[in-house]
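The lines below spell out each chain.
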Amino acid sequence: MKKTTVLLGAAASLAFASITASALAQSAAEPSGSGRADIVAAGDADGAFVTPGKFSEPSGAKMYKRVCAGCHMPDAKGAKGAGSYPALAGDQNLASGDYAIYVVVKGLHGMPAVGRMMTDQQVADVVNYIRTNFGNKYKDSVTAAQVKAVR
Amino acid sequence: MLHLRKDTRAGETLPVTKRLKRHSIPIGLAHQGGAAREDFLMAFDSVLPMSKRDLLALIGRSAGASAMYLAMSSLGQAQASPFTGVPKLDGDSKGASVLVLGAGLAGLVAALELRRAGYKVQVLEYNDRVGGRSWTLRGGDRYTELGGATQNCEFAPGNYINPGPWRIPHNHYAIMHYCQELGVALEPFMQLNYNAYVHSTKAFGGAPQRYRHIQADFLGHVSELMVKAVNKNALADAVTKEDGEILMAALKNLGALDKNYRYVAGPASSERRGWTKGPGGGLSAEPIPSDPLTLETVLQSGLWRNISASMSSTHHTAIFQPVGGMDMIPRAFEKQVGDLIRLNSKVTKITQDDRGVTADYVDTKTGEKLTAKADWCMCTIPLSILSQIEMNVSPEMTAAIGAVPYEASVKVGLEFKRRFWEQDEQIYGGITTTDLPISQISYPSTGYGAQGRSALLGAYGFGAFAYEFTSLSPAERVARTVEWGAQIHPQYKAEFLNGVSVGWHRVPWTQGCFGTWTEEARAEHYKNLCQIDGRIMLAGEHASYIPAWQEGGITSALDAIGRLHQRVMAG
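Going line by line, the protein sequences match chains A and B. For the record, in the first sequence the residue sitting at position 113 is 113 according to our numbering, with numbers rising by one throughout. When you read off a place in the second sequence, starting at 1, and then add 1000, the result is the number in our numbering.
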């Protein structure tokens, strides 16, 4: 996993530059002609955008940033509209690691079971990340085995 | 004696007498009387002539559901939307009142039909506009998503994207009915364009292919293979010798095979996939056939995955869009029931007792706390929001409301200096599909050949990519969409002007795109969700078997008000 991460990260910035160059080199009138360089589906610097059926983010921090933050926001303070997304910063419910795993794996009300698109280790990583950041200071790490038990 | 009618509202005419005779359905008692409502069943007030749908509604009321199903099957409608007409709400509603929560299409339909039936109706809507997800973004529009990022759409006049629903299948009869009744002009949505691209980053060195090449070559080669199987008697167990001969002829026809039953370069295949040089006039007119891709190339490209999307019945041609944007539909409803709707009203609590329903709400502009009361409540608030609102319904309905997760989805609109897809690549509308995170590019199905600025849909997807898109800032979503799209259209870089993006989990009033039902959740909760609970009933796409489609919202509302009316009539 780690090796892939480094490659993905390095490839991301290069990929955009080379993609543009190769695309522009083509005939505008008939792009189905030959002459395009192969494009590496490398994902971006966070390991996002690798495959549509599962999350490929390689760390808890990156998973939070690229998946959870879509709703709970980058600062984990949630958001308010017609309803709201709960803040995960200072969230008392996170005292239970198993509760956090359960919500990620099973979903809750309108929240989809995003953990279904993660490995057990990815779920454990993102739960551990949330439980030790944003003002949360829970020392007891959760494990992939715990995630497996909840699924 | 019945006649044919050219009915612009119900669309289709048919020889009525013939059909009826076949099923011996008595329609002599055609006219069922009833209140002089302005719905389309008014057609019965002038019983002759009638359209297909009028006829079906009539059969349903005269002869019962089984006769209707029989008739529907013979008219080829049984697999489509079950809508056969607005439920009849005959009888005196005795001034009963209904509070409708949400002015999306479900709420708007409920308001329109209930008022027609004599109910006192009021509608509360969170947004400062009607329509909900039936929504269009145009130049000058301002949209603030959860998290506070605000986008000002910079499109030129006439350009737009529909962040939510964007097409109307011909077999979604309920929404077609309301478009026709309310005078919403429709135009064809170019769902399938043989000259658009299918694209894979892992095939052809990432070069996009024309849909017609992959589609014709796949069908051609598969047909040739089948011919070989028939010739080797490999299908002898399944096909008689006589049918085998018919099959050969059918395969030759389906696959554009030559006289020797081969799929090779020549007039037959080029008529399908296109010529290298097409036939013209004069001395230089002789056409040059194109060379099909090999079977191996087509199979290994994986692009056969991209040729079946338009075969699903909700994507069949004819398929439509409202001229000028999807929100032309809610705007047309607003002309009818706008006086009933209070905007900027955030519902915070819903309480029912033996006498009625009370909704507490806050004016989002002034902060004022208010209440609305009625005998009944039709709640169309998305479940993602409703699950957060205190409401005293049964434990079963409460569980159902909390059992439906909301899907991620993203749409990105891009405006360019010119229609390079038309001018350089001869792509007039339609959809290019790709394995890139943008998933698809949809070219505008209107204004073909126009000079100047034009907007297209640069990304529309679900799944992991949609979450990952949503987590980005609006500007970053647009920037990535331009980068990825440039792999298919290199003109993107030079022609790009501006863009706008909607990640549906950041939409403040839905917190997601649509309700996703599993079979298990539906078995356990769906009936509990749809049943009238005391004085409260729910409607919306989430209360339908057509998730995400406007037809689901409308038919759920019609179903609910039909049941409400029965209850009111029963006293």
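Hints listed in this document are in silico derivations from the structure and should not be mistaken for laboratory results. It is possible that part of the hints are untrue.
Here are the simulated DSS-like cross-link-like pairs (lysine-lysine), alpha carbons at most 27 Å apart as the crow flies [said to hold, decoys possible]: (1) A:Lys-80 to B:Lys-1369; (2) A:Lys-106 to B:Lys-1369; (3) A:Lys-77 to B:Lys-1335; (4) B:Lys-1088 to A:Lys-80; (5) A:Lys-77 to B:Lys-1369; (6) B:Lys-1094 to B:Lys-1335; (7) B:Lys-1202 to A:Lys-80; (8) A:Lys-54 to B:Lys-1202; (9) A:Lys-77 to B:Lys-1365; (10) B:Lys-1088 to B:Lys-1373.
Here chain A is said to cover these stretches of chain B; the calculated rule only asks that three of the stretch's residues, wherever they fall, bring their Cβ under 8 Å from a Cβ of chain A [claimed, not checked]: (11) 1381-1392; (12) 1506-1514.
One side of the interface only, derived from the structure: several residues of chain A facing chain B at Cβ under 10 Å [what the hints assert, rightly or not]: (13) Arg-66; (14) Tyr-102; (15) Val-105.
All C-beta atoms, glycine included, are put in the ideal place defined by N, C-alpha and C.
Here is how each hint holds up against the structure:
no., hint, in the structure
1, A:Lys-80 to B:Lys-1369, "17 Å, holds"
2, A:Lys-106 to B:Lys-1369, "36 Å, violated"
3, A:Lys-77 to B:Lys-1335, "40 Å, violated"
4, B:Lys-1088 to A:Lys-80, "41 Å, violated"
5, A:Lys-77 to B:Lys-1369, "26 Å, holds"
6, B:Lys-1094 to B:Lys-1335, "25 Å, holds"
7, B:Lys-1202 to A:Lys-80, "42 Å, violated"
8, A:Lys-54 to B:Lys-1202, "19 Å, holds"
9, A:Lys-77 to B:Lys-1365, "23 Å, holds"
10, B:Lys-1088 to B:Lys-1373, "26 Å, holds"
11, 1381-1392, "holds (count 8)"
12, 1506-1514, "holds (count 7)"
13, Arg-66, "5 Å, holds"
14, Tyr-102, "14 Å, violated"
15, Val-105, "12 Å, violated"
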